[in-house]
Amino acid sequence: MILVVNTTEDKEISGKVMEQAKVMGKDVKVIEAGNKKIGNCIGCNYCWLKTPGECTVKDDYEEIFKEIIHAKELWVISDTALGFINHKGKNFFDRILPIATMYLKFKGKEMRHVARYKSSPDVGIIYSGEADKAYLNRWTERCAINFESKSLGAYSTENIKEAVACM
Amino acid sequence: MHVVIINGSPRVKEFSNTDKILAKFTEGLTENGTTFEQYEVSDRKQWDAIRTAYNTNKNILMAIPLYVENIPGLLLEFLKTFAPKNDGTQLSFILQGGFAEGSQLRCGEAYLEILAKELGCEYGGTLAKGDNFSIRFFGEQTRERVTSPYKEMGREFAAQGNFKSEACRKFTGPETFPLMIRILVGAMFATVARKSFKKIAAGLGCTKSLKYRPYK
Ligand SMILES: Cc1cc2nc3c(=O)[nH]c(=O)nc-3n(C[C@H](O)[C@H](O)[C@H](O)COP(=O)(O)O)c2cc1C
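Chains F and Z supply the protein sequences, listed in that same order. Residues in the first sequence are numbered from 1 upward in steps of one, following my numbering. Residues in the second sequence are numbered from 1 upward in steps of one, following my numbering.
Treat the hints as calculated values from the structure; they're not laboratory data. Keep in mind that a hint or two might mislead.
To be verified - For the chain Z half of the interface with chain F, some residues (derived, Cβ under 10 Å), not all of them:
| hint | residue |
| --- | --- |
| 1 | Arg145 |
| 2 | Val146 |
| 3 | Glu175 |
Claimed, not checked - Distance ranges between label pairs, derived from CB positions:
| hint | chain 1 | residue 1 | chain 2 | residue 2 | range |
| --- | --- | --- | --- | --- | --- |
| 4 | F | Lys11 | Z | Phe138 | 30 to 38 Å |
| 5 | Z | Lys216 | F | Glu32 | 21 to 29 Å |
| 6 | Z | Phe138 | F | Ala165 | 28 to 36 Å |
| 7 | F | Gly129 | Z | Pro214 | 31 to 39 Å |
| 8 | Z | Lys117 | F | Glu158 | 18 to 26 Å |
For each residue, glycine too, the CB sits at the ideal point set by N, CA and C.
Produce the complete structure using the sequences and hints provided.
This is how it looks when you write it as structure tokens:
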């Protein structure tokens, strides 16, 4: 499943993604999360050490998380701030922590957490507003390394066609 | 010199590894008369006071835990309300994370340089170091041993005024570990470390396997 989560309040962006996906014959599931209650990770680490796999922050994230673990691709649509995705987009990624376990291993030359589920989604970003594209691409690559998956890249909302072509 | 220190961790001060690091860092920082005031982003009630301190001081130090290769979402939420200063303010960073290799901090570090620019501040460099995940779980003695190197870096910051010296660069430690070390540490991860994580979990009241999958 290709999962697209729109953390902005602008449904036109996800609308364009769906439209383009239809044209290209791709099946995407869109979740509008712009108005959902999704708080920040509070760093309690309970999802690793007290209630394994489960976040203590009880809000709308849990339902989305249940979809993430079955997705082949995860595309996050985010507004930008300070040259990066904004706090809503970043909170979305911070809260993904229960996808990993506390356990560690080496993957290549670097330490990684052992994954909790059988597979993790490849990751892509669609950003709305000013940002440092080269940096966002670098960051998406690093996120994917942590998921032991592939980066699908970071695309401005002006290049939705390009993003959907990568789905 | 007076430094405004902002702990950017969303974790409450009592449990924040950044806070324990800062405790040592400021011991060294203040030895020769440098003063500081410290704030916590985890406490929203402090946000107005932090904004005022940030706007009225020219030497700011943000101490930040790496959160998914960048700064925590909560800190981004706080910073988004800041207008660019453009008044010669210097913004320096302590960046610390769980993974031990220097290579794991570089993506976050690169963003901090972008962030300083976005905030209209002069970049005072980043003191980057990993292997800090367990500070909060350590007993006093081990915690002292693990955090005490930061005291020297406090002295260094007081002396240099920034984190651009060779001593700060070296403080990060190895970018990656040699193969032999990776094999040894990898074996430890699969044995001793697992046991110790299970023990910590049990202490927190965990009754499930740490690999438990709550969602099917
Ligand atoms: C949501 C989340 C994401 C994290 N991401 C990283 C990471 O990408 N790389 C890393 O080395 N450590 C990562 N860590 C570990 C923290 O940086 C580390 O435990 C740090 O010492 C926490 O400091 P604090 O107690 O002051 O919050 C992450 C921790 C959390 C809770």
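Quick rundown of the hints versus the structure:
no. : hint                               : verdict
1   : Arg145                             : violated (21 Å)
2   : Val146                             : violated (17 Å)
3   : Glu175                             : holds (9 Å)
4   : Lys11/F with Phe138/Z: 30 to 38 Å  : violated (48 Å)
5   : Lys216/Z with Glu32/F: 21 to 29 Å  : holds (25 Å)
6   : Phe138/Z with Ala165/F: 28 to 36 Å : violated (50 Å)
7   : Gly129/F with Pro214/Z: 31 to 39 Å : holds (35 Å)
8   : Lys117/Z with Glu158/F: 18 to 26 Å : holds (23 Å)
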